[in-house]
Structure formats: structure tokens, C-alpha cells
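Sequential numbering of the sequence shown, starting at 55, is according to our numbering.
The hints are simulated quantities; they were obtained by calculation from the structure and are not laboratory data.
These numbers were taken from a predicted model, which means no experiment stands behind them.
Incorrect hints may appear among the rest.
27 Å max Cα-Cα, derived BS3-like pairs, lysine-lysine [said to hold, decoys possible]:
| # | residue 1 | residue 2 |
| --- | --- | --- |
| 1 | K528 | K267 |
| 2 | K422 | K570 |
| 3 | K267 | K527 |
| 4 | K569 | K387 |
| 5 | K570 | K387 |
| 6 | K570 | K381 |
| 7 | K381 | K569 |
| 8 | K422 | K569 |
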Amino acid sequence: MPKVRSPHAQRRARAVCTRCHSRKRENIYIGGLTCDRRYDVISRLGQAAFVAVVNAKVMNAIDHFRPHIGPRKQKARCTSQATALSEVTHPELQASSTTPVTPSQTALHPRHNIDCSGSNNGSPQHEPHFVNGDNIILQASQATLLPPPVIIQALSDFYFSELFPLVPVLDRQQAEVQSSLLLQQCLCFAGSTMRQSSSPVEWSSSVIYGRIKVLLLLHHDASPLNTLISLCILGTWLPYTPEARVLDNPWQWTGMAIRLALPGRVRRIWWYLFNSDTLQMACSGCPGMFPLQETQVRFPIPSDFDNQDIGAWMFCKFTSLCRLLRKVLELGKADKSSQDEVYSTLDELGLWRQSLPSSLQLFDESSKTRQIYNRITVELHIFYLVTTILASFLGRRDNPSLFKYSSMAASACIARLYEEILLHEEVTYLLPIHSWAHLVAAIPRAFSDGDLLNPDRAYEIQISQQVLEILSKKHTSAAAVRSRIDALGGCSAGTFPPQVGTMWDSLPAPIQDEKKQRVLSLFHFPVNFCPMLDLLRSTGSLGGVPLPHSSPIDNDADDWSIDWSSFLFDGAMSF
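All chains, please: the whole structure from these sequences, using the hints.
Next up, the structure:
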């Protein structure tokens, strides 16, 4: 007489492959079966029962990493999670798909989620028996969680008031922001990086950064333009130390955005990517990826913006400055720049400064009085002076003394500008790239004959340390740069390789008045702005300068005796 199997055994036989069971092998994992009979098992078991088994496996895996709780609480938690998971896993049972919730629709709720199901997911068509795990990942990572509307509005204001002039990839009235969860998260992230104080943990920059990465990985937003904008905003954040080799750093985000960009449609984004790629090329030494030679897109102009204010002018002028910076970097990497190329680059820098509108000038042209403080104007001139330091190193073969003093003057002016930002308590608005600017400015200061030529050298070092200390609370790169600047102060010339060639074996050549004026035109600032400007302008016809108490320069023939080319042009941040 045949043995009657219990109902439980029959259900188990239908749910478990007998071949796998005889081998004592588990055949169910998150998302499907491992044996070759999985589709046969699904067809006999039924899709709903199969998904229930998979969900049970998911919950068991999650519970394995949770702290121990009592039986009653554990039972209550499992019941609530199973209910929520079934709602997420079976979106087809909903009466209709929901659309992303905008802040105005949830003004009465302190916290809210956006349902990620529906056609806006952009996922490809699945196989008939494929179990989609995207919603499980979204649920576990809380990638769909948005701040309350009042926080969203505050973070949005931070972006448009502090970051927009440098990263103009979103507009305040842009309709896509209201319908895209990805763009709303990006807007919150951009604003959170500009906050003075730290945000609550769930709305902190690092947490929102992780949510955006999850949304990108799952292709949650089907719009290529929205994906492009999110890559641009992610490129403003450096969560690791400069020497870290990871996939989610600004250089990687910028490279992906360049390959995804459509230059004919989004001119502002296209040239923002050029700026970002140039700065990453400068600070990390990585090769540039922007196809500048093949680009037919005109440079941005203020009329490309809805509001042609100082922020619009700032972005346009900063883009043209990055073009000059890229030229200097390419000449520095080749290290074969001729005298004509160096002075031609200096002339272009001087013309760039003269072309600035009055609203972007530091001083009034007629009265030479300081204009009202504006941080973006100060930042623009900081990067102008950083480019001047790099260009000065290119001219070291023509006359070392002149370009040494010009780099020292530029470094001192940079310190004064950072002092203004420090006194106005706006250091926290600076992007991580300012760590690289500090590092470049520290080189002439570290090897400038001690305090002999620059009596304010110690004060300038103190300003740099204070700014980097504040930046290090938000950016790990600032702490690394600060330690490297401290190390530069204790280095000797023997630590670095000497210059190659014989141009250092004789006294410096006399400085021609015409060449001197071309260098001095870069520093169109009053003398009382920085004492080092007076030193530069008093440079004598034989390369010497009148020093306090008639102190001689014993080693003036050895100016720029250290080979800084690998440091300045192969990535100062990776040194």
C-alpha cells in the first residue's frame, strides 16, 4: 500500500528541487533559484508562492545582521516588515502607479517617502519569471527618503545662493526638479554641502550622497539629462583623501558626465564639465578627458542665464580663466615652453583681468579703493593668482628672479584674499578644490629665503592653517593638504631633485623693462593691499632688490633651484 504523504511534505516537494535536496544543497537565494530546474519549480509552485519564499529568505538575511531582540518584539517587527515588503514587491497589485511626491504635496508630513514604482523607473523589460530586487534595495537603503519640505527649501536656497555661480546646472524654476526624485536628492545634497553647521545624520551630505549613488546604480531616473545633472553635482564632493583610488571621486564623476553630455543642448553644463575637468587635471595629475580641440560649442555668455547677475558673469569669466589654466598645465607637463609662449600666456592673463566687469573687480579702477566684499569675486581672483604662480614657474628659464618674486607676490595676495573670506566667516562655502589652491600657494612661501624677503610669511602661514582647519571639518582633503604644507616647511632643497641644465650656473640676466611691465600688469592692485607687491615693483635692473637694512641676497643665482615640475603639473594633491 503506497505511503500517504502529509500536506506539508507535498508542499515542500513542490517548493524544493529533489535533486538539490538529495545533495543537501540550498537552491533558493535572493532573486531566484540556482538549479537548472528553477523555471519548472516556479511553474508548479506559482509565482506568488515563489516570491513569498524569496521574501522569507530576504528577511532572514536581514535579521542575521540585526542586534538581538526579544521574541515578542521580533514577531511584531517581522509582521510589519513582511507587510511592507509585500507592498513593495508586488507593485502590480496597486490600483494605479503613483508619481513622485513634491514638497508642496506633503507639506503636512514631517517625513515622507516617494514611491519608486511605476513607469518612471526606466528599467528594461524583465524575463517572465525574473524577480526584480531594485525595490528591495531602495527600501533597505532609504534612497527614496526626502527631507521635510522646510528643509528642502532651505537646502535649495543654499545651493542657489552659494554654489550656483560655480555649478549652474539647475535652475530654480526648472520643471524637471519637481517630478524627479533624483534631482530633488541632488538639490538637497548640493545645499547640504554649503551649510555652516552639520546637518542631522539622516540629512547629512554623506548620507544623501549614498542615496544618490543608489538611484544612479539602479537607473531609477530614465532621463539622460537628469542623470547628467546628478553626475555634475556629485563631482563637487570629495569624500576621500586625495591619494585614494576609488570609483566615486570627482574625476570619475566628471569623466562619466563628459561622455554622457550633449553639447548642443546644455551649453552651461558642457562648459561646467570643462571647468571641472581642468581643475581635476590640475590637482590630481590625471589626464584631461574634455575634448576641447574638437568642441564647436561657443563659450558661455551671461545671456545664457535667466538672471544676468554677478553669478552669471562669474561663471563665464571663470570658464575663460580655466581655458588659460589648461594651457599652462599643458605647457608645464611638456616642460618645453619657449620664452614667447610664456610671455604670451602672461599677456592673455593680463587681458583676462582687464576684461572683468566692474562688479568682478576687487578695487575700483579710478580710486583704487576696495569694493564691497563678495565671496565669488574673491574666489575668482584666487584662482587667477594660482594660475599666475603656475605660469611664473614656466618662465623660470628666462629670468629666475623676476618670476620667483612674482610667484611670491601672488602667494601673498592669495593669503590676503583667504583672510577676507575667513573674517567674513564664509570658509565653509568653499569647495574641496581650494585645498589644492592652498597647496600651490604654499610652494613660493616655503622657499622664499625664510622671512628675509617676506616679513609677513609667518602670518600668511597662520591664515592658511586656519582656513584649512575649518575646511577639514567637511573635506578630508583639507586635512591631508595641511599636513603636507607643514612638511614643506621642514624640507630642504636637497629633498627634491635639482633643475636640469646650466641656466642656473651664472648670475640672473638683467630684467628688461618691457618684460618686467608685462609681469607687473598681472598685479593691478594697490601696494597697501599686500607688502610683497612693493618688493616685486622694486626689482632692480640686475635681478636684485633693495632689502631692509641693506641685507644682501647671497644665493639669488640659485632661485628656483628645485625642480617643482612634477609637483605642480603632475598633481600636487597626489604628491
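Hints, verified against the model:
1. The suggested pairing of K528 with K267 holds, with an alpha-carbon distance near 19 Å, which does not exceed 27 Å.
2. With a C-alpha separation of about 22 Å, the suggested pair K422 and K570 falls inside the 27 Å cut-off, and the hint holds.
3. Taking the CA atoms of K267 and K527, the gap is about 23 Å. The hint holds against a cut of 27 Å.
4. Only pairs whose Cα atoms come within 27 Å are accepted, and K569 paired with K387 is accepted, the gap being roughly 24 Å.
5. As the CA atoms of K570 and K387 are separated by approximately 25 Å, the hinted pair is consistent with the 27 Å bound.
6. Simply put, K570 and K381 have alpha-carbon atoms about 22 Å apart, close enough for the 27 Å limit, and the pair holds.
7. In summary, the hint linking K381 to K569 is supported, as the alpha carbons are separated by about 20 Å, within the 27 Å threshold.
8. Among the hinted pairs, K422 with K569 is consistent with the structure: their alpha-carbon atoms are about 24 Å apart, no more than 27 Å.
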